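Participant: Chain residues, written in single-letter form:
2 protein chains.
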Amino acid sequence: MTWEDIAADKKARIDKSIPDEWRIGVQGQDDSVMDVPAKSGILSSEEIDITNSSAVDLVAKLASGQLKSVDVTLAFCKRAALAHQLLNCALEFFPELALAQAKELDAYYEKNQKPIGPLHGLPISLKDQFRIKGLETSMGYVAWIGKYDEEDSILVTLLRKAGAVFYVKTSVPQSLMVCETVNNIIGRTVNPRNKNWSCGGSSGGEGAIVGFRGGIIGVGTDIGGSIRVPSAFNFLYGLRPSHGRMPYAKMANSMEGQETVHSVCGPICHSIPDMKLFVTSVLKEEPWKYDSKVIPMPWRQSEEDIITSKLKSGGLTLGFYDCDGNVTPHPPILRGIETVVSTLKKHGHTVIPWKPYKHDFAVNLINGIYASDGGTDVFSTLAASGEPAIPNFKDLINPSLPKIDMNELWSVHLQKWAYQNSYLEQWRLREAELGREIDAFIAPITPTAAVRHNQFKYYGYASTINLLDWTSVVVPVTFADKALDMKKEGYEALNELDGTVQEEYDPEAYHGAPVAVQIVGRRLTEERTMAIAHEIGRLLGNEITP
Amino acid sequence: MTWEDIAADKKARIDKSIPDEWRIGVQGQDDSVMDVPAKSGILSSEEIDITNSSAVDLVAKLASGQLKSVDVTLAFCKRAALAHQLLNCALEFFPELALAQAKELDAYYEKNQKPIGPLHGLPISLKDQFRIKGLETSMGYVAWIGKYDEEDSILVTLLRKAGAVFYVKTSVPQSLMVCETVNNIIGRTVNPRNKNWSCGGSSGGEGAIVGFRGGIIGVGTDIGGSIRVPSAFNFLYGLRPSHGRMPYAKMANSMEGQETVHSVCGPICHSIPDMKLFVTSVLKEEPWKYDSKVIPMPWRQSEEDIITSKLKSGGLTLGFYDCDGNVTPHPPILRGIETVVSTLKKHGHTVIPWKPYKHDFAVNLINGIYASDGGTDVFSTLAASGEPAIPNFKDLINPSLPKIDMNELWSVHLQKWAYQNSYLEQWRLREAELGREIDAFIAPITPTAAVRHNQFKYYGYASTINLLDWTSVVVPVTFADKALDMKKEGYEALNELDGTVQEEYDPEAYHGAPVAVQIVGRRLTEERTMAIAHEIGRLLGNEITP
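If you read the protein sequences in the order shown, they are chains A and B.
According to the UniProt record's numbering, the first sequence is numbered sequentially starting from 1.
According to the UniProt record's numbering, the second sequence is numbered sequentially starting from 1.
Chain A with its partners taken away, still in its complex shape (with noise of 0.2 Å):
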């Protein structure tokens, strides 16, 4: 078989496995598909209501047994059916598998008359990279169709201990290396607000199907931004933890085995109550026993309620930057900071300029990084197939680029923990200065609102933080709006690449795309920096309350 034979046999499994009663037929031409679920007629008025639901209030009806697993589970099945037909994200579904287990949990339930555990009977959503014994894990490469996992990624069993039912496995971009969403197996996934929109990348599935309402909590990875990126064109919360809060063994990954910038699991989400559920829920699992990376390091409530406390006496002091010095953001972008800015001194908060701290260094330290083995992972195993690499590739990895040797490794670490810690100084400076803690930074994550395809040129927002290992939370903020967000006229390109961004802004084609910032905190302050994005969350009016 050639590759274009395995590749269209795998699609064609995917396609199959949607019953013929999930089908829709031939779609209208709007741009956004957000209101086919409620009109498709698939999907009864009370499935609708589950899955608009939060998660919080889902748990709290599955544990007082007012919901079923199996109803909860079929909803989102069907959703997520109408997410992949529309939105082409899925490179798993198994929605028997799903129902076999949700009838478990609910023969649990009745039996034992509690929750087996804190997302007892909730489905989660899975990027395509964590395994699931007994189906596939091609993450894009068609290398890998064909092979199927002999046990369960670590994630997994917690989760599923934890109570949780899996029925899809989502799309990634062929390599995981990519900000957009597309491979040589289903071809490219696209925002559900509008299909000429990236649902970004390299969670691209993920960002479109919770974005869609198919999943209520997806969990996806991030080393560059992958978490981020389709949570901000989404309108979605999402969370880049710090390596070593979340377990990320026996999961597939690109460039297994590098461990200078690590990939790290994290949700994506509709608000930080459900993201607070998915990381306790882990916690109460104590994945350190698992998963020799994660730090004994339980959920710290004393830590979240130290912002608490800041917000009912004094404020939060927060730094902010709308401009790294390397590519200025589009001007729905700037707005979004604007406003996050002047809503949070609106309510008395304390926000001060905060000065990007050479972040020219970090993006070509953390590039280097990402092309050390110059290439030879990712390009072997394309050639395993014979695929090719999808477009935009080599803006992450240079296959140009050497191999690095072990010295020159080692240097490539000095130069990074140097940056941390002169990083870290910088902040110790500007508390000196003010004479009081600087809770969280509030940056953007991308140059662009959901980005139009094959137009996402820029990473450095959010890899500088990767660089960090900084614990940083999305927040969606707002919509461009062409009334709102002029094009600059005569704008002076800081730069070749910044020129050829700012000159892609186009009002029109971007008018509704979704705007997010990702608020930032020191490493591994992930209760104090959710809590900090709840609050602006709430104070945006975007964020439900708990």
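Just so you know, these hints were derived from the structure itself, not from any lab.
Fair warning: this is a prediction, and the values are worked out from it, not measured in the lab.
There may be inaccurate statements among the hints.
No copy is singled out in the list; a pair is fine if it fits within one copy or between any two copies.
[What the hints assert, rightly or not] Subject to a maximum C-alpha distance of 27 Å in a straight line, what follows is the list of computed BS3-like cross-link-like pairs (lysine-lysine):
no., residue 1, residue 2
1, K39, K68
2, K161, K114
3, K39, K284
4, K289, K161
5, K355, K487
6, K289, K310
7, K482, K346
8, K133, K11
Following the hints, complete the assembly by docking chain B onto the known chain A.
Facilitator: Then chain B, alone, in the frame of chain A:
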């Protein structure tokens, strides 16, 4: 100048740093020098008392004004001067700077009537990897002599903030990758209890000086036993914390930037209360705000309290092994393990056999990691001055091994991670069988009691724990005894190395040599593991009570 000239000049400068009034004449022929301080007449009886105290007592008296830092510092400077003359343990000795620092602290106390921090006025000795502004850090390399440090290491900065006084930087083996302390600058450092025994290494100067009470708390580093071996050989407590607990930024190191197995800092001291004083004092300074590799994890009293409450009811559950399957320990070490096990059982604790999990694999893997650059880093540093390699060097850094490439390194990372996770699984399975938590395990540190010179051959008992990155606390147990520890007749060797090691056991030569065990907890379990070590030391009668 030849390398010999440069080394001789440095050695002469160290010698010259000792004032005439602290010089001792020709010594007798005794193997042990432990009684010299009391007999020398150089220290007053008050100074003998000070240097024989615990650090906990000293900081209490310094904090209450009962002692002045100048007096405490002078006492330790004098005793350290004796130590260097007798044991050859210092690479930098700077009593004048120390006394000036002590005077400032006394003035601070006088003015504010309170200590500057929890270590106010306490002298701390440092391995010659720590940088102090204005001093040299040769680290045993001739090529590095004459380079004066422009800033302090982060741990020095934080200890200084906590009130510590610095007066000596102690000797190390050239390259640090050997567990005896020999370099081409000052030669060999010996054991204060018997000059024919090694003081251990690579933090051997710390072991010797603290063992001799020329230091009260010394700071070493450990990448394959370098804190634990000198602690064991000098009847001291030692902590190899997990990576990320103590700051390492801005220190000198061998193979700097190698991050597959991290070297870590930790204290070598006379008791667990002194160890806790050191660790809590450092953590109070929030090292994670200075060094990005440090985890934001303050001292967790609640973790210590879990052990305390087990001691009050139910007792501890501990595993133990006396052989890792690679090299059988000498009879004194086997008796040391047996002593700990039987003592614990007698006091109602549960002690069960622990099956070492693939330690042969672990030892091979970590040895490959030490040599992953084919010795480039170390040998180029030797070449820079022309000095030859010290003996036994090839045990850990084998220059005949080729440098590995990036994809091979990634494969090593995956093997390490899988090994760590499998060992965690073994731990979970044993706990499931038992139906209770296993708090830690007891294991040898080396196959020998304080080893005779040039006979240190096997690092595996220590280095396997480095590969796992588990917390290890050294507890001194007993002394080799020719009447109890007979040579095994007709021993059948497990392999060639095992045969050689066992053959070298000589009851007469080892008589009186310190015997220790390590207490090993999972990653980042310093509070619990120290509390367990404290109880074991207490039951053995080797531990002061707090």
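Participant: It remains to establish, for every hint, whether it holds in the given structure.
Facilitator: Hint check:
no.: 1; hint: K39 / K68; verdict: within (24 Å within a copy, 83 Å between copies)
no.: 2; hint: K161 / K114; verdict: within (14 Å within a copy, 53 Å between copies)
no.: 3; hint: K39 / K284; verdict: neither (40 Å within a copy, 60 Å between copies)
no.: 4; hint: K289 / K161; verdict: within (14 Å within a copy, 36 Å between copies)
no.: 5; hint: K355 / K487; verdict: within (25 Å within a copy, 68 Å between copies)
no.: 6; hint: K289 / K310; verdict: between (34 Å within a copy, 20 Å between copies)
no.: 7; hint: K482 / K346; verdict: within (25 Å within a copy, 80 Å between copies)
no.: 8; hint: K133 / K11; verdict: within (20 Å within a copy, 64 Å between copies)
Of the numbered hints listed earlier, the single one contradicted by the structure is hint 3.
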